[in-house]
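Order-wise, the sequence lines are chains A and B. The numbers in my numbering rise by one with no breaks, and the one at position 432 of the first sequence is 446. The numbers in my numbering rise by one with no breaks, and the one at position 223 of the second sequence is 237.
It is possible that part of the hints are untrue.
No copy is singled out in the list; a pair is fine if it fits within one copy or between any two copies.
[Unchecked claim] As a list, the in silico DSS-like pairs of lysine-lysine whose alpha-carbon atoms are at most 25 Å apart:
#1 Lys105 <-> Lys308
#2 Lys321 <-> Lys308
#3 Lys385 <-> Lys321
#4 Lys664 <-> Lys105
#5 Lys37 <-> Lys600
#6 Lys105 <-> Lys600
#7 Lys376 <-> Lys664
#8 Lys322 <-> Lys376
#9 Lys308 <-> Lys385
#10 Lys37 <-> Lys105
#11 Lys376 <-> Lys39
#12 Lys372 <-> Lys385
Please keep in mind that the hints were generated in silico from the structure rather than gathered at the bench.
Below, each chain spelled out in residue letters.
2 protein chains.
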Amino acid sequence: MNITALEHIALSVRALSMDAIQKAKSGHPGLPLGTAELGAILYGEILRHDPADPAWPDRDRFILSAGHGSMLLYSLLHLSGYDDISLDDIKNFRQIGSRAAGHPEYGLVRGIEATSGPLGQGLSMAVGFAIAETMLAVRFNTARRRIVDHYTYVLAGDGCLMEGVSSEAGSLAGRLGLGKLVVFYDSNHITIDGSTSLAFTEDVAARYGAYGWQVLRGSMYNFEELARLVSQAQRETAKPSLVILESTIGKGAPTKQNTAEVHGAPLGAEEITAARAALGIPAGAEGDFYISPKAMEFFAVKRAEWKKARQAWQTEFDAWSREEPGLRKQWDHFHSGAPAPSTGDDPHRPAISLPVFKEGDKIATRTAGNKALEAISAACLNLVGGSADLKSPNAVGFSTTAYSPTNREGRYIHFGIREFAMAAIANGIQLHGGLRAFCATFMVFSDYLRPALRLSALMDQPVIYVLTHDSIFVGEDGPTHQPIEHLASLRAIPRVRVLRPADAEETAEAWAMALERHDGPTILALSRQNITVFPKDDPDWRNTIRTGAYIVKNAGASPNAVIIATGSEVGLALEAARLVEAGGKKVRVVSMISRELFESQPEAVHQSIIPPGARVICCEAGIKSGWERWARPEDILSVDRFGISGPAGKVAEALGFTAGALAAIINR
Amino acid sequence: MNITALEHIALSVRALSMDAIQKAKSGHPGLPLGTAELGAILYGEILRHDPADPAWPDRDRFILSAGHGSMLLYSLLHLSGYDDISLDDIKNFRQIGSRAAGHPEYGLVRGIEATSGPLGQGLSMAVGFAIAETMLAVRFNTARRRIVDHYTYVLAGDGCLMEGVSSEAGSLAGRLGLGKLVVFYDSNHITIDGSTSLAFTEDVAARYGAYGWQVLRGSMYNFEELARLVSQAQRETAKPSLVILESTIGKGAPTKQNTAEVHGAPLGAEEITAARAALGIPAGAEGDFYISPKAMEFFAVKRAEWKKARQAWQTEFDAWSREEPGLRKQWDHFHSGAPAPSTGDDPHRPAISLPVFKEGDKIATRTAGNKALEAISAACLNLVGGSADLKSPNAVGFSTTAYSPTNREGRYIHFGIREFAMAAIANGIQLHGGLRAFCATFMVFSDYLRPALRLSALMDQPVIYVLTHDSIFVGEDGPTHQPIEHLASLRAIPRVRVLRPADAEETAEAWAMALERHDGPTILALSRQNITVFPKDDPDWRNTIRTGAYIVKNAGASPNAVIIATGSEVGLALEAARLVEAGGKKVRVVSMISRELFESQPEAVHQSIIPPGARVICCEAGIKSGWERWARPEDILSVDRFGISGPAGKVAEALGFTAGALAAIINR
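With the rest of the complex left out, here is chain A (with noise of 0.2 Å):
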């Protein structure tokens, strides 16, 4: 270990970090000075990867949970040679165009493996990681050859810690047992407010302790002890490790460290130039964004082992290749992306037997999905996932075993009673790399897991959420267990698609389209109830409803009104439709699976479905709005309140969401 070299990526750390938040005015220093040895020894000594190729599948993950300390990424990421993030992107700190945003943003910089800002969920995605790690290790590793064998990093700080998420994965991480997690704690002692005391005075250790997790502790700055508490973590296999440094919050600045103020807001000139002096930085311009040759010789060396360590992997690799081509031709599979083995043109659209039901069959959409989901685990092998103790309920269970520390093989993952961070969990499968990930629970408690489908949407991860109980319908459990505004509040997030199928045909469908989608996260809405599989007037509707939309009942060109339904609504709506054509009225029935998806089409394909000019009507047990772009207010027939507890059919008659009152709107 070069000490010197760490001391001087660690004075460079600290001299970019502290230059490019006063250059931007906005920032938060308190981090990379307080942490700069850690990222130090971590990029120059610890982490197993090769900027040169930051794909690379068995490359070690670090993870800055605290990912408002973003600067010390930055610095590390384009000291040791990743080429995606320039001098001058740093010299551009939080502007527009610079990959160095505000927060590390996944996709911007290939060596950033996950966004991370929102606090506790970088340590909680890193769980994911590790779990993904053991899953395609067991699977694929030899007794001759490990070429699936690496460690997830994190680095996380009070915030992570105090939030919730991070109890549920941490206590999940303890039973799962997984050995190759190391979380660094940068015990700082403060936060926004000031003193952790204030709100913060529990036993950390101890908690980790109870969690299963070996504990460590050590100091920040003694980069010989850091390298010690990391070999310890890594002997521990059976357990993650927390790794607790005792740290000053923006160390190197001499009036403002130790201090709440450090955390979140330039240094200013004068403190910078103090702080410049007491480092030993050499004096030089104001906002020269000092490097340390001695820094950039060492890495320039470091590359070159790397690239020798990467090549080394793949030398094992295409042997382990030769010796197993079946795994070899699996390996491949999992990771291009495609959601199974494909025979046909598409290699996006899977070829699987998805399951068959016939017209007239009376199920619950949850359970179709069950069986589209048996069919598509058969065939696509990397998919992986559960709930959060709701697999009966949520009807998620199949063909495998229980994911634990003595069945890595297993895909099932028993989540337990922790929504957010099963989604969290699921983000960071996904991102690993090599896996695709769903997890289910309530739709009503998706508010739950909320802040995770925003990252899944946000960095285009396409984790499927089974959220099931999908409206009043939910019946006795009553207003604490029905969805009213979700669907609303669901779409509302940008680049999320909520799949709502009418019936069991479009459930299996909306399994198919989930898992072709590559670029953010979709919502299978199921219902808890059984409902009737419909005759469908449109006989290309499997293609068709890849619009967001088909007609499930045409009556003609110019029918009288066009119904506009989604889920279990549709069936509703052709119940409405033959009470209102005893009155010789015409009637259009559209299921509409995704409304985001139509909207999105360009208008052909909207006046396709709607008639220009036609009277359309809504329909759907949730909110009201979003549909006013269809429909006038008074001809939406929605739910607007919470729910009532009392079996389904009674609960929709006291809300008035009957067939009758929908056939009252169009008659009206």
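Starting from the structure of chain A, add chain B where the hints point.
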């Protein structure tokens, strides 16, 4: 302690629960059967309450955090004499019109202290109850008389303890030394998926020890032990207590107890018959809703004792009132629901000198909000709250001290970086009675607290949520910190009122409106950036704004266009209006501080603001959805994608969100 009577209470709880769930064909027998002994001793011996006066302010509170076990609570409330839950309600468990709803709903039965069912939140609200007790005790108790002196008891299951929100609340409760909080943990080792070992192997006792709690252990089924444990919990005055009770889910059901199956499905007639025999419930008609006469006799005597205890308290209270007329006056104000001592005619209109601002002042609405909070908190001494570690960024500090174990007088609560627990605790403080609660975070992190906000709304609790940094104008922090979909998704929750004031003057009025509201939560959506105080054409705007909107700039009765804008976009609209008026167009500008409030007004109010037939243009820095009721999609200036990191003005330009863009829409 009359153990025989307690056994008969437990027996009756089991009999009622089995029958009610069986008759409803729906419900959760596992918990009521598994915890009947704890329920019996709590309602029979421990709780200091009086069913004849459920609103007795100094009663002990009991919160069933595991709300799915609602039949436990309904049985006990009925048996002990809460007369608003009848045997008929229980016989109609989970039917419309019955007060025995699927999950306990606050407001349906007066003995229900909080709505529960969404796991983890009952326990977290209880922390709020316990905080409220200490706050009122320190303010009102005197050396001679303790008129506030009660406990908060909670029954929680595995689910509650796995949810992150309870970790947040537990850690904070430890920090705050809430000695009169006693949580019973029903440790039955079974969840819906099967054994808790699937996902939950942590050492719960060690975890709560790490939080600074006293942890006790015992059996659920030994009354003497239960009594001893409660007494031990009560004697520890400096720490909350967790009492871990080993139990058997569904105890008494001969073949189904200790299985996941008994958690959430009726036992079936055969199992009930066998259970009755095993438990010694007299043979009787199927579904006879058996209540033991011994239990009834016991409670008849108890009711007299409880009445005496409450009368003794009343005598003490009366004496205190005579001794402390000033405190008594304050007590009455605190418990009146009125926001402040009123000098006017309307007791709900606070007599507060709101801060005054001048036209042309440039001030962020968060800063204006701080001035309003300062004025209001000086008049409303029962207003308490704080932020999730963003006291200064949220601008919610006011003239008080920090609440802590040694300073119960403090009205500012440092919640730590725990948004969800913060909101749940605010619900608890509000539900307790006597106090008004507010909480604060960045708007984008309202996602973290959303499940608690939904409960505020469902329970009609007027918690005030201060959500600052309310748009892309957050700037540099980037997409993780810029709300896009949040205004829409907050408005989506029934009974939530979102107020987005457009300048400092409106902000002060918005605070007053929030205080005036008593039937649900209010969101104050406030800007990070400075906004110029603008002149208002409506001379009566301070009243008109209470309809949800008013005319800022009139432009005559027949304007060429009406711009509806909210918050900081009203300034943008005024600028755009100036731009197009150079070309001779007349543009009205409406500030719509609350869309949902405005939409709830009669047509005549709508027409007084928006002339029928007028071309309407909407402008808000958030998603389009929901505005389509008022304008064509192409006439809405919105932000329908995630934000970007950069200085606020540059971000707005990059997203096409400028006065020029708005003017172009008007001119189109």
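Against the earlier hints, flag every one the structure doesn't satisfy and list their numbers going up. 3, 5, 6, 8, 9
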